[in-house]
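As numbered in our numbering, residues -15 to 136 make up the sequence shown, in order.
A portion of the hints provided could be inaccurate.
Stated by the list, open to error - Subject to a maximum C-alpha distance of 27 Å in a straight line, what follows is the list of computed BS3-like cross-link-like pairs (lysine-lysine): (1) K120 x K92; (2) K(-12) x K120; (3) K(-12) x K92.
Stated by the list, open to error - Now the in silico label distances, taken between C-beta atoms and shown as ranges: (4) R20 x P55: 17 to 25 Å; (5) Y32 x L1: 26 to 34 Å; (6) K92 x D(-2): 31 to 39 Å; (7) A79 x L112: 26 to 34 Å; (8) P10 x P78: 31 to 39 Å; (9) P78 x S58: 15 to 23 Å; (10) G100 x A28: 19 to 27 Å.
I should point out that these hints are in silico values taken from the structure, not numbers from a laboratory.
Predicted, not measured: the structure shown is a model, and the values here were computed from it.
Just so you know, even glycine gets a beta-carbon here, dropped at the ideal spot from N, CA and C.
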Amino acid sequence: MSTKVLILGSLPGDASLAAGRYYAHPQNQFWRLLSRVVGADLPALGYYDRLAALRTAGIGLWDVVASATRPGSSDAAIRDATANDVATLIATLPALRLVAFNGGTAWKAGRELVRGVEMLALPSSSPLHTVGVAAKQPAWDAVGAYLDDDRR
C-alpha cells in the first residue's frame, strides 16, 4: 500500500527510545486514537502487527527531529534540535495526501519543512498532554478522510 498519510511526531520519548518502538509508553494514546481510523484494535496487536495495519491503511510514521538534547520525555525540554529531511522523504511518496503532526511541537518544528501537500495539526497523543482520548478523537478521525479514495 502506498503512503497516503504521513504522521510526524516530534522526537520519541524515553520509553519509546528504550524499546526501539514508536509510541511505546503504555499511557500514550497514539494506538488507541488510530484504531478507529484504520478499523483495527491496534492496542491489542503486537507492535509489528500494529505497523503492518498502519502500512495496509496507507499510514507512515516518522519524526520531525532527527537528534536533540532532551532530559526526560517532555517536548518542552528539547534543545539543539536537528531536523530530519522531511522534504526529501515527501518527494519519495507520490500518493501522499496529508502530513499530520502529532502535537504542537511537531507542528511548530515541522510545518516549514512541508511543501505541496495538505497539513493537519493533531492534538498530542502523549500522556503529558492530559486531554482525554474522547476530546482528541474527532481530530484524529479526520485522518481517515485521506486514506480511502471513496471518502474523498
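Hints, one by one, checked against the model:
1. K120 x K92: At roughly 19 Å apart (the allowed maximum being 27 Å), K92 and K120 satisfy the hint.
2. K(-12) x K120: 21 Å, holds
3. K(-12) x K92: With Cα atoms ~22 Å apart, K(-12) and K92 stay inside 27 Å; holds.
4. R20 x P55: 17 to 25 Å: 34 Å, violated
5. Y32 x L1: 26 to 34 Å: 18 Å, violated
6. K92 x D(-2): 31 to 39 Å: The hint (31 to 39 Å, Cβ to Cβ) is violated, given that K92 and D(-2) are roughly 21 Å apart.
7. A79 x L112: 26 to 34 Å: Because 33 Å falls inside the window, the suggested range holds.
8. P10 x P78: 31 to 39 Å: 36 Å, holds
9. P78 x S58: 15 to 23 Å: Taking Cβ atoms as reference, P78 and S58 lie about 36 Å apart, which means the hint is violated.
10. G100 x A28: 19 to 27 Å: 37 Å, violated
Of the numbered hints stated above, those contradicted by the structure are hints 4, 5, 6, 9, 10, listed in ascending order.
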